[in-house]
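Let the hints inform the model, and build the full structure from the sequences given.
Line order of the protein sequences matches chains A, B and C. Its first residue numbered 1, the first sequence is counted upward by one per residue in our numbering. Its first residue numbered 1, the second sequence is counted upward by one per residue in our numbering. Its first residue numbered 1, the third sequence is counted upward by one per residue in our numbering.
Hints may contain errors.
[What the hints assert, rightly or not] Covered by chain B, according to a simulated footprint, are these stretches of chain C (three or more residues, beta-carbon under 8 Å):
| no. | region |
| --- | --- |
| 1 | 10–22 |
| 2 | 34–41 |
| 3 | 52–61 |
[Said to hold, decoys possible] Derived lysine-lysine pairs resembling BS3-like cross-links, with alpha carbons at most 30 Å apart:
| no. | chain 1 | residue 1 | chain 2 | residue 2 |
| --- | --- | --- | --- | --- |
| 4 | A | Lys23 | B | Lys262 |
| 5 | B | Lys586 | A | Lys103 |
| 6 | B | Lys47 | B | Lys64 |
| 7 | C | Lys44 | B | Lys13 |
| 8 | C | Lys18 | B | Lys262 |
| 9 | A | Lys79 | B | Lys276 |
| 10 | B | Lys587 | A | Lys103 |
| 11 | B | Lys259 | C | Lys38 |
| 12 | B | Lys562 | C | Lys24 |
| 13 | B | Lys517 | B | Lys646 |
| 14 | C | Lys44 | B | Lys517 |
| 15 | C | Lys25 | B | Lys568 |
| 16 | C | Lys44 | C | Lys3 |
| 17 | C | Lys24 | B | Lys307 |
| 18 | B | Lys262 | B | Lys3 |
| 19 | B | Lys307 | C | Lys25 |
| 20 | B | Lys133 | A | Lys101 |
| 21 | B | Lys133 | B | Lys229 |
| 22 | B | Lys687 | B | Lys47 |
| 23 | B | Lys64 | A | Lys79 |
| 24 | B | Lys660 | C | Lys24 |
| 25 | B | Lys303 | B | Lys646 |
| 26 | B | Lys276 | C | Lys3 |
| 27 | B | Lys711 | B | Lys687 |
| 28 | B | Lys568 | C | Lys24 |
If you're looking for bench data, these hints aren't it; they were derived computationally from the structure. These figures come from a predicted structure and were not determined experimentally. Cβ coordinates follow ideal geometry from the N, Cα and C atoms, glycine included.
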Amino acid sequence: MKRLAAYSERCVGCESCMLTCSKTWFKEEDKELSRIRVTQGDSGYVINVCNQCGVCIDTCPTLAIGRDAQGVVRIDESKCVGCLMCAGFCPTESMFTADNKEKPFKCIACGICSKICPPEALVLEQD
Amino acid sequence: MDKMRLLARWEYKPVNIYRGYAGRTLYVNISNFSFEERPVSEDMKEKFIGGRGFGLKLLWDAVKDTTKWNDPENEIVISGGPLCGITQYPGSGKCYTVFISPLTEQTYDSNAGGYFGPLLKFSGWDALEIQGKADRDIVVFIDGDNNRVEIYESPFEEVNAVTVTEALHEYFAEDEEDKRNISVVSTGKGAENSYWGCLNMSFYDLRRKTPRLKQAGRGGGGTVFRDKKLAAIVVKKRGIGPSSNNPADLTTLQRVGLKLHKEIRDLDDQQNKMRKVGTPHLNEIMNEYHLLPVHNYKFGQHKDASKIHSKVFERIFTQGIPDGCWYGCSMACAKAADKFELKTGPLKGRKVTVDGPEYETCAGLGSNIGVFDPEWIIEANFYADHYGLDTISLGTGIAFVCECYELGFLNKEITNGLELKFGAKDDIMELIHRMGRGDDEFARIVGLGIHRMKKIFAEKYGAPSDVLENIGMEGQGLEVSEYVPKESVAQWGGYFLTLKGPQHDEAWLIFMDRVNKQLPTFEDKAEALHYFPNFRLWFSLVGLCKLPWNDIEPADNAIKYKGIEAAKVPEHVQNYVDLFNAVTGKKITKEELIIQSERVYNFQRVFQLRLGRGTRKDHNIPLRAIGPVFPDEWEARSDYYDNELKAAGIDPENLSTEEKIKKLQNYRLSQWEQLVDAVYRRRGWNKNGIPTIETLRRLGIDYPEVVEVVKRHLKPEDEWES
Amino acid sequence: MIKVNGEEMEWHPGMTVKDILEAKKFIFPMIGVWINDKPIPRDKFETTVVNDGDDVQVIHMISGG
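This is how it looks when you write it as structure tokens:
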């Protein structure tokens with residue numbers, strides 16, 4: 001299974017990942033549209049990104065969520081009805097919603113952010 | 001299934017849904033296969049909102065004062081409401097079906113989940129009105145993808161819900177995945193052979209690969225359906241999504257919906273376990289509080305209640321499936337038993353998915369008839385759905401029959417061989433099958449309902465009328481639902497001072513009244529019987545399910561708010577205000593929400609009056625509903641009842657049990673009359689339970705035809721002294 | 001003596017909120033408890049001690065649909 005592994009202890013809070021992600025997938029630089037989120041914790045930065053656990057798969061009423069050939073959990077937008085139960089039940093709160101976006105979105109382990117992360121806190125891993 | 005024979009087709013222009021409304025309703029006359037598009041005015045939206053409100057308004061215009069339930073003029077009107085079909089908030093797929101009821105002979109409105117309400121609206125219609133009677137069984141198909149309505153000759157030899165629904169999902173779907181774009185309204189032979197006909201409304205379960213059935217259970221809507229020779233109504237609409245209602249403010253819908261999903265995620269397991277168990281979480285609770293109806297409401301507790309404890313059903317229900325009956329319902333209480341092998345009846349041996357049982361069925365087709373066998377209850381539930389029988393009326397009705405049998409008013413000769421004692425599982429199941437087949441005279445009589453059974457048992461079998469009146473748990477012609485009301489004066493009102501009969505759509509006040517002791521005076525009870533029916537019935541106008549309102553509450557609800565305020569779950573009330581405004585673009589407040597509902601409440605009250613009911617004498621209450629009738633009921637809780645007598649200022653010493661019963665009844669009957677006065681007064685009605693002209697004016701429903709009905713019945717002696 | 005929903009109830013030293021609920025057989029999960037007008041969080045029922053003379057309100061939320 002492919003996933004983006006996050007090493008928060010290496011993160012320096014530059015937010016390049018968030019801007020690159022939103023630019024890639026939503027064509028604009030906007031942290032609210034990023035599928036990876038960096039926030040400030042008590043002792044450093046905290047990276048929140050989907051770990052492909054798949055709990056959301058069982059919450060979806062239209063079977064819009066499933067794993068692709070590499071095990072990455074993907075939403076089929078043609079089936080998604082925007083009920084947001086996946087976002088509500090995600091154990092790590094890694095399914096995101098945004099104003100003016102009808103449907104939720106999540107990391108699909110494309111790896112683009114990992115390529116530009118200066119301290120290499122993001123690593124595309126294969127189990 | 002072979003290709004169905006097309007009898008009529010009507011094409012319509014598509015519309016865009018705007019702020020929750022299609023802006024028009026669909027009228028279909030099945031006597032002459034004519035169709036009409038009827039516009040929805042701003043006034044109609046303002047005064048009637050949608051859902052049950054639209055249903056009542058359309059029915060009012062369609063019928064005469066003298067229309068009976070089986071006249072062609074009677075209608076089946078189905079409507080969701082402006083919030084129906086949003087995908088973000090739990091419980092958003094409900095619709096109401098409005099009709100003149102065979103049981104109560106006045107309007108009835110019954111709600112169901114499933115996909116029918118949303119798919120109907122998104123096909124372009126705020127309501128579906130069916131009037132007339134066909135000359136043969138028909139299937140009405142609303143094709144929202146191709147913007148047309150078709151009427152087919154029904155191909156079904158036998159109209160029973162499970163087989164009809166399965167066949168029609170198969171027939172109209174292009175493939176497996178497409179089945180979720182279809183919903184079927186169906187009923188069964190039990191609805192042809194009784195007045196207890198329910199309507200099933202389907203949704204397709206993609207994981208189980210089977211249609212699921214939710215019920216518009218009460219009032220005999222299924223009986224009207226079959227009387228009109230409707231075999232099924234089907235709707236199909238593809239492409240529903242998050243903005244199908246074209247809401248004014250999608251962001252608020254998302255914010256509020258996401259908040260509720262997380263609340264349910266975090267708290268359901270500690271609160272009511274709806275996701276695991278559904279409404280049967282109440283089984284053991286009602287038993288503990290003496291509220292579980294046992295043996296026709298004689299008792300509120302039974303030693304075998306542990307056999308139908310919710311943990312038994314938790315094991316039976318398949319866990320881990322998103323069991324919402326519309327998209328976005330994370331309350332997910334539509335539980336099912338899978339691969340359940342039927343042991344009796346026409347589908348014996350088949351392994352089926354059974355929807356439920358709900359609490360009401362566990363109690364009605366369980367404790368109330370003395371059966372504590374969960375598998376039996378599930379099988380009875382299945383056949384009730386399949387035959388199109390309301391499990392509540394069926395349960396309470398059979399409980400009445402069993403008590404009559406045990407009292408010796410009925411015997412095997414009368415019942416055609418069935419020994420219908422409490423707990424007689426096999427014979428009771430056979431009675432249900434006979435109701436489904438329609439081949440047994442006694443089963444037909446049972447299916448006419450308690451109100452008519454009382455007359456027939458007296459006339460035909462010589463049963464004593466007064467006893468039957470005391471133990472027959474019905475009000476206004478409708479069987480009581482499955483909570484023991486005897487020990488709560490407020491719940492006497494909650495059941496018996498209702499618009500349509502003793503159901504718990506309107507009010508459920510037992511805890512508030514007797515356990516929390518929050519309603520000490522008649523005025524307190526009357527205030528609760530004003531607020532809660534109005535609040536609870538608001539859901540019927542907009543297309544929402546009320547369970548996510550209070551079957552889950554925010555973690556700080558009972559900390560931030562005290563007493564009755566906490567019981568209102570203020571944060572959730574605010575959610576509903578926000579949802580309404582976010583979809584419609586309006587700016588209502590919590591107070592206006594109540595007025596919206598009060599308006600339709602009073603319109604319906606006048607409608608009942610128009611049809612010859614709706615006055616004080618129609619608010620009847622059987623003695624079993626206000627206390628013990630026979631000595632064994634008193635003796636089961638003798639300390640408690642002796643204390644009740646003392647609290648009433650009556651000394652139980654030296655009185656026989658019969659004397660004590662009589663004295664408590666007299667006392668409680670006088671309490672009942674005081675309650676009725678207080679409630680009528682609070683509701684803005686006169687002593688006879690008729691809304692005053694002032695009330696109609698205040699609510700903006702003083703239309704000439706409404707005022708005209710009321711004026712005919714107003715008498716000066718019914719006015720309150722100032 | 002303490003009062004529970006207006007009715008008198010025997011008190012004993014060390015009596016907790018949980019004890020009251022068990023004695024009254026209040027098994028409903030959605031219950032709010034206030035002692036002398038102060039709310040008690042549900043997760044503190046087991047550890048919150050009730051004092052002699054306290055006025056306790058036990059409120060069941062309605063539910064039922």
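Mind checking the alpha carbons of lysine 517 of chain B and lysine 646 of chain B for me, to see if they're no more than 30 Å apart?
Status holds; Cα separation ~18 Å.
Restraint status (C-alpha distance of lysine 44 of chain C to lysine 517 of chain B at most 30 Å)
23 Å, holds
Holds or violated: lysine 562 of chain B and lysine 24 of chain C, Cα atoms, limit 30 Å.
Status holds; Cα separation ~20 Å.
Lysine 133 of chain B paired with lysine 229 of chain B [C-alpha distance capped at 30 Å]
Holds, at about 6 Å.
For the pair we were handed, lysine 18 of chain C and lysine 262 of chain B, check the Cα-Cα distance against 30 Å.
28 Å, holds
Next pair to validate is lysine 47 of chain B with lysine 64 of chain B; report whether the Cα-Cα distance is within 30 Å.
With Cα atoms ~22 Å apart, lysine 47 of chain B and lysine 64 of chain B stay inside 30 Å; holds.
Sort out whether lysine 24 of chain C lies within 30 Å of lysine 568 of chain B, counting only the CA atoms.
Judged against 30 Å, a Cα distance of about 24 Å means the pair holds.
Straight-line alpha-carbon gap lysine 687 of chain B to lysine 47 of chain B, limit 30 Å
This hinted pair holds, its Cα atoms lying about 26 Å apart.
Check whether the Cα positions of lysine 23 of chain A and lysine 262 of chain B lie no farther apart than 30 Å.
Given pair lysine 23 of chain A, lysine 262 of chain B holds - Cα atoms ~29 Å apart, limit 30 Å.
Count the residues of the region 52–61 of chain C with a beta-carbon closer than 8 Å to any beta-carbon of chain B: does the count reach three?
holds (count 5)
Given the hinted pair lysine 587 of chain B and lysine 103 of chain A, is their Cα-Cα distance within 30 Å?
26 Å, holds
Satisfaction of hint between lysine 25 of chain C and lysine 307 of chain B, Cα-Cα up to 30 Å:
Given pair lysine 307 of chain B, lysine 25 of chain C holds - Cα atoms ~19 Å apart, limit 30 Å.
Of the numbered hints given earlier, the model fails hints 1, 7, 18, 20, 23, 26; all others are met.
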